[in-house]
Structure formats: structure tokens, C-alpha cells
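As you go down the protein sequences, you meet chains A and B in turn.
All residue numbers for the first sequence refer to numbering that gives the first Met the number 0, where the first residue is 0 and numbers rise by one.
All residue numbers for the second sequence refer to numbering that gives the first Met the number 0, where the first residue is 0 and numbers rise by one.
Be aware that a few hints might be false.
As the list claims (entries may be wrong) - Pair ranges (Cβ atoms, derived):
#1 B:Pro114 <-> A:Val45: 42 to 52 Å
#2 B:Gly181 <-> A:Val222: 37 to 47 Å
#3 A:Ile58 <-> B:Pro127: 52 to 62 Å
#4 B:Gly181 <-> A:Gln333: 53 to 63 Å
#5 A:Leu535 <-> B:Asp83: 40 to 50 Å
What the hints assert, rightly or not - Okay, the calculated bits of chain B under chain A, using three or more residues with CB under 8 Å as the criterion:
#6 68-74
#7 122-130
#8 147-158
#9 174-182
Simulated from the structure, these hints should not be mistaken for lab results.
For every residue, glycine included, the Cβ atom is placed at its ideal position computed from N, Cα and C.
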Amino acid sequence: MEQRSRGPGQIGRRHRRPSGEAPPLPHELRRSGKFWIVMVVYFVSVLIGVAFFQPLGRIFDRFDTQRLRWIANLRTDSLTDVVLFVNLLASRWTIRALRWGTIAALVGFRRWRHLFVFLASILAAEIVAYQISTLLGRSRPLGITIIAPWEGYSMPSRPLVGLAASLVGIMYAIVVPGRPREMAKWVVGGLILSLLFARLYLAVDHPTDAVFGAIMGIAIPLVAFRWYTPNDVFPVTYRRGKSAHLDVGGRRGEAIRRAVQDQLGYEILQIKPVGLEGSGGSTPLRLRVAATEDEPEQYLFAKLYAKSHVRADRWYKLGRSILYGALEDETPFQSVRRFVEYEDYTLRLLYDEGLPTPKPYGVVEITPEREYMIVMEFFDGAVEIGDAEIDDAGIDEGLQIVRKMWDEGLAHRDIKPANLMVRDGKVLVIDVFFVQVRPSPWRQAVDLANMMLVLAVKSDAKRVYQHALGLFTEDDIAEAFAAARGVASPTQLRSMLKQDGRDLVGEFRALAPDRKPVSIQRWSARRVVRTAGVLLLALVALLVVVNNWTVFA
Amino acid sequence: MRRQGRLGAAIVSVGITAMLVPACGGVYPQPLTCGAENTNALILMAQAVPSATLVPCIAEFPAGWSYNGSRIRSDSAQFWLDSDRAGFRALEVELTESCDVSNAIEVTTGARVVPGVRVYEEPLSLPPTFQANRYLLFPGGCVTNLFRFTTGASATLALEAQQALSFVSRSALVEQARKETGLSLCGAEAPPCPG
């Protein structure tokens with residue numbers, strides 16, 4: 000690696016990136032990205048040319064037929080039998096079997112997002128292919144004997160679109176990223192190429208139809224899966240616990256090392272993904288950093304955020320604002336930079352207020368406006384509260400966290416066992432991304448209820464209630480349990496309560512004074528407009544499907 | 000972050016799944032008009048049955064009749080006409096290489112005769128629900144007109160529907176393809192194709 004000089008502007012071992020120097024991980028299209036862009040541009044240009052300039056169509060017809068005649072020279076009886084067998088890949092039943100199998104697998108694994116993207120991308124590919132074939136109305140190859148069954152116009156090759164879209168969808172929805180997916184890419188590529196050759200050998204498609212069909216079938220699901228189910232946010236995994244498929248090795252790993260060294264002044268010795276199962280909103284990492292002049296070798300905790308996380312957050316917030324309304328009134332972040340800036344701010348705010356949260360170390364830029372990492376203290380030796388013993392002091396500490404946040408006008412908004420750690424008997428709170436300044440009273444009340452429930456799971460309701468009376472009034476507690484209903488509690492906490500078996504919510508409500516339930520459904524003009532907008536879009540989507548019914552009929 | 004709307008996703012998924020059952024099918028909307036400038040649809044129809052020396056097409060639409068779409072595949076081609084009185088897809092026209100006329104009676108009068116075409120009729124049910132098949136046999140092919148009228152529709156509408164239909168000769172399409180692309184529309188009335 001190039002030795003970078005240290006100038007007078009540097010602090011310690013940090014390095015300011017001068018103008019013109021590439022960021023740690025430059026955004027590049029890479030060869031595959033450039034290839035697909037060139038292909039799409041090429042075919043779109045050709046389609047426009049053929050649609051509006053007939054002589055171009057004739058040129059392509061002659062070119063295609065010439066190629067088909069070359070290939071037809073290879074025809075022998077035995078090879079034809081083999082190729083007809085390969086052509087079964089284009090059969091409706093093969094494609095249906097692939098799709099049904101994938102749908103069944105995705106339902107079985109409850110991977111709803113992947114299922115939705117799979118279905119939507121296949122629908123989109125089929126509809127676009129059908130519309131293009133109708134628009135162009137290209138006949139089957141002329142000037143050569145067609146020796147296999149076909150249906151409809153030939154441009155683009157719809158069997159190739161169908162097969163490629165199904166296989167690529169399977170690859171992204173079912174196959175684990177990393178080596179298995181790399182291998183799957185070769186298999187899928189081989190199958191698509193085999194079918195492509197078979198279609199040309201049998202002269203059912205023109206070469207341009209087949210190639211365009213394959214490109215469309217690959218490009219549509221590929222873009223859809225990369226956009227809506229990025230690996231970092233929605234990983235495909237069949238193992239519980241930590242998975243090692245996140246791309247923090249290779250170029251990104253190098254970039255993280257260089258960025259942390261340059262921007263924070265720490266030399267990374269090891270990068271390890273941790274706690275992935277509890278985090279859908281970022282890629283959590285444990286960094287082992289070398290000793291510096293002032294600090295010994297230590298662990299740091301880091302969360303890697305990419306644009307995909309911002310998009311996921313946007314959808315999540317849209318869903319919540321429609322489902323729950325004004326009480327969850329939140330503005331989505333417009334960029335990943337704002338995203339990490341906000342978390343860094345909340346982290347510093349809570350730390351400055353003396354709450355037991357990780358010490359912030361700052362934000363690291365990996366790729367400008369695309370990828371950032373927030374670095375903080377790693378609670379080495381701490382265990383999740385669910386795995387720790389809690390005594391009276393621990394109960395007080397947990398409740399004190401909520402009291403402190405109430406006093407400072409804050410709400411954590413994600414109090415659950417995974418976000419409460421215990422080290423040497425001390426309760427610590429992590430994951431402050433959802434922290435809100437001056438939140439609604441409802442949200443603060445929910446924080447209290449969730450904290451009391453977490454503590455009660457580790458002890459009992461009566462004991463926690465008695466301790467809570469030392470910091471909160473009876474009315475506060477009554478409000479908390481009037482507010483904490485159903486979805487107000489995080490999923491992890493709800494499943495923990497279910498496993499516990501005791502009706503802890505009921506017990507707390509019995510201990511506290513009676514209070515009318517606080518509604519979590521609040522209506523506002525914004526909620527109405529958003530809901531109407533989403534319904535309208537759904538209706539438009541439905542109409543598109545209905546208008547293209549003949550594709551499926 | 001929590002995954003939401005699982006039930007909704009499941010419902011949508013099931014709905015869309017139902018649509019995905021048939022893959023790659025398709026009914027095309029372009030009318031198969033006899034004198035059309037763009038003959039691609041007719042050429043495709045001719046490709047479906049390479050032996051057919053005639054290809055059915057639509058000469059004119061009588062009042063109240065409209066085009067419903069076509070499905071063209073190797074070995075057969077179909078298109079449908081709707082009627083405001085006889086109903087949805089009241090007439091289906093199918094081109095195949097051959098057809099079974101063993102239950103039909105040859106008609107020599109009353110039919111709009113095209114030279115070289117033999118006409119057979121097979122009444123299936125009389126009004127109030129008129130249903131009948133009409134076969135038009137010619138060298139290398141057969142066109143079947145399937146009349147499936149809604150209850151109450153007059154059988155005389157079948158005569159109207161027949162006015163809509165005509166033929167284009169394969170030789171004309173072969174010539175058209177040759178002129179447009181310099182390539183041969185393989186099959187009857189064209190030189191043998193390689194492969």
C-alpha cells in the first residue's frame with residue numbers, strides 16, 4: 000500500500016483525506032455492473048431503432064437467420080434429442096415447479112420479504128416481456144426450419160425470461176450469500192446458456208430474442224433483490240446465531256481498517272460480526288484494536304450503515320406511521336450520513352447525561368454518502384439481561400435508567416432484553432438509535448412498562464412494582480401499563496413474556512390503580528393521506544396486473 | 000427492526016401466486032386484419048401451421064362485433080370475436096393442420112365460398128342457446144369456427160359473424176416476407192428451408 004505522508008494538519012496517527020484522494024471504499028460499478036448497463040443500453044437502443052426504423056429490423060432478421068443457419072449445420076438426430084431434452088427447461092411445467100418450490104420454501108422459512116420480492120420481480124419480468132413482445136410483434140425465425148414447439152411472438156424469448164427470472168430469484172431468495180451463491184451463479188449461468196443454445200439450435204428464437212430474454216430475466220430480479228433485500232439488511236441464512244456471511248472481509252474489510260486508522264487513529268487487528276440475529280437495521284461489528292500510547296489493546300463496537308439501511312428504515316417508518324399513527328410520528332432520514340449523525344448525537348447525549356451507555360468514539364466514513372460506521376465502546380464481559388441474575392440493586396438500576404430519561408425529556412423507545420446488558424451487576428443500555436428527544440408522554444410511559452416487564456421476567460411483578468414506587472408515582476405506573484398494549488412492546492420482549500408463562504402485564508395492572516387504556520391508534524391528516532396514498536398505489540398495481548391478465552390467462 | 004405485516008404479505012403472496020400458476024402464456028390484442036400493412040401477426044399464424052395454404056383473417060367487423068385477442072402457437076392458432084348480442088367470445092376461429100369432420104355435414108350452398116375450400120357444418124344446439132361448429136377445409140389446413148352464443152341470441156348472428164372472416168393466401172404472405180426481409184416463410188408454397 001502507498002505510504003501516505005503526514006502533514007501538519009494531522010492529529011496523532013490520524014490522516015485527513017486531501018481533496019482528490021479516493022475514499023476508503025470508492026463507489027464503483029465493477030465489471031458486472033458495467034456489463035449489465037452496457038447490455039441494457041444496447042438492447043433498449045436496438046428496440047427503439049427497430050420499433051421506429053423498419054429497415055433496421057430487416058437487418059437484424061437477416062443477421063439472426065444467418066447465425067441460426069450456422070448453428071443448424073450442427074443438427075444431428077442424437078444432438079437434436081439432447082437439445083430437445085434441454086429445451087424442457089423452457090417448459091411451463093419446469094418453470095412452474097421452480098416457482099412453486101421456491102414459494103413453498105420461502106413460506107416455510109417465513110421469509111416474507113424475499114417472497115414478496117420474488118413474486119413481484121417475476122410478475123414484472125413477465126409483464127414487461129409480454130408488453131414488449133406485443134409492441135414489437137416479431138414473428139418466429141424465417142428462412143430456417145423450426146423444430147420445436149413455440150408460443151406467441153419471439154422477441155424477447157419469454158421462456159428465457161421466465162426461466163432466468165425464476166433461477167435468479169431462487170439464487171437471491173434461497174441461496175446463502177458467499178461461496179454457495181457464487182457456485183449457484185455458475186450453475187444458473189450454465190442452465191441459462193444451455194437453454195439459450197437449445198433455443199437457437201431448434202430455431203424457435205432468434206439469437207437477439209434469446210439474448211435479450213436472458214438479460215431481462217436476469218436483470219429484473221437481480222436489481223429487485225439487490226435493492227429491496229440487500230444482504231447486509233436481510234441476509235439469507237439457515238443458521239440461528241451469528242452468521243459469517245456479511246461482507247466485512249475483502250475490499251470492505253480493508254476499507255474499514257484504513258478508515259478507522261485514518262479517521263479515528265486506531266489500528267484494527269480483527270473485525271468480527273456480532274449479534275446479527277438481533278439487528279436488522281445495521282451490521283454490528285466487534286473491532287479488536289491495537290494498543291495506543293494512551294490505551295491498551297481493546298475491543299470497540301461498531302455499526303456499519305449503508306444506503307440500504309436508510310431505505311429499510313424509511314419503509315419501516317412508513318409502515319409504522321400507517322399502522323399506529325401520530326404517536327409514532329417520525330420523519331424518515333434522507334441520507335445515510337444523517338442516519339449515523341443522529342445515532343452519534345443520541346449516543347453522545349445519553350453519555351453526557353450520565354446514562355450507562357457506551358462511550359462514543361465517532362463516525363467513520365467508508366464511502367461518501369453511501370456507507371458509514373459509528374464506533375463506540377464495547378461492553379466487554381457484559382451479558383444480555385436475559386442471561387444475567389438480577390438483584391434488588393439491578394432492579395433499581397434498570398428503573399433508574401428510565402427515570403433519568405424521563406427527567407431529561409428522552410425516550411429510548413426500544414427497551415427489550417437484547418438492549419439491556421449486565422456487567423459486574425451493573426445494568427447498561429445499548430442501541431440508542433431510536434432515542435427521541437421530547438417524545439410523546441405515551442412513548443415515555445411505554446419505556447417504563449417495558450423496563451418493568453423485563454425486570455419482572457427476571458424476578459416478579461410485586462417486587463419490581465415496590466421498587467418502582469421509589470422512583471415513580473402509582474399514576475405513572477398505571478399510565479405505563481395503560482399505554483403498553485400489544486405492539487407497543489418490542490417483539491423480543493413479547494416472546495419472552497410468552498415463554499415466561501406468567502401474566503406479568505395483568506399482575507402489574509392489578510397492582511396499579513385503574514386507568515383507562517391509552518389508545519395507540521391516533522389519526523391525523525398525515526396518516527390519512529399516507530394510508531390513502533399507499534392504498535392508491537396498491538390499486539394501481541392491481542390494475543396493472545388485471546390489465547395484463549392475458550399474460551397469465 | 001421488526002418485520003411487519005406478515006399476514007398482509009401472506010395474503011398478497013397467495014393472491015399473486017394464484018396468478019403465477021400458468022407461466023409464459025399470453026393472448027395478444029393485435030387484430031388479424033386481412034389487409035394490414037404490418038403482416039407480422041399473419042406471418043406468425045402461417046408459421047403456426049406451415050402446411051396451411053390459407054390463413055384466416057378478419058375482413059371487416061359487422062356492427063356489434065369486436066376483436067377479443069389471439070393465441071398463436073406451433074400447430075394451432077386461435078382468435079376470438081365478441082358480440083354485443085351473442086356474448087363474450089361468441090366466435091372462436093381456430094387454424095389447425097387438419098380437423099375431424101366425421102360428425103359434420105358438407106354444405107355446398109349458402110356458404111361464402113372461397114375456391115378450394117370445402118365447408119362442413121355441425122350443429123350442436125339450437126336456439127335459445129345456439130352452438131355450432133363450422134369447418135373450412137383446404138389444402139394443408141382447416142379452419143374451425145366455433146359459435147358459442149349466449150342464451151337468447153339469434154342463430155342468424157352466425158351469418159353476420161361469417162361476413163367478418165376471410166382468408167389470405169399463404170403465397171401472398173411468402174411474397175410479403177421475402178420482400179420485407181429477403182427471407183423465406185418456410186412451409187407450403189415456399190422453397191424448402193435449411194435445417
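Now the hints, each set against the structure:
1. B:Pro114 <-> A:Val45: 42 to 52 Å: Holds, at about 43 Å.
2. B:Gly181 <-> A:Val222: 37 to 47 Å: Because 38 Å falls inside the window, the suggested range holds.
3. A:Ile58 <-> B:Pro127: 52 to 62 Å: Distance hint for Ile58 (chain A), Pro127 (chain B) holds at roughly 57 Å.
4. B:Gly181 <-> A:Gln333: 53 to 63 Å: Check passed, 57 Å falls within 53 to 63 Å.
5. A:Leu535 <-> B:Asp83: 40 to 50 Å: violated, 33 Å
6. 68-74: It holds: at least three residues are needed, and the stretch 68-74 of chain B offers 6 whose Cβ sits within less than 8 Å of chain A.
7. 122-130: violated (count 0)
8. 147-158: violated (count 0)
9. 174-182: Held - the stretch 174-182 of chain B has 5 residues with a Cβ nearer than 8 Å to chain A, which meets the minimum of three.
Of the numbered hints given earlier, the model fails hints 5, 7 and 8; all others are met.
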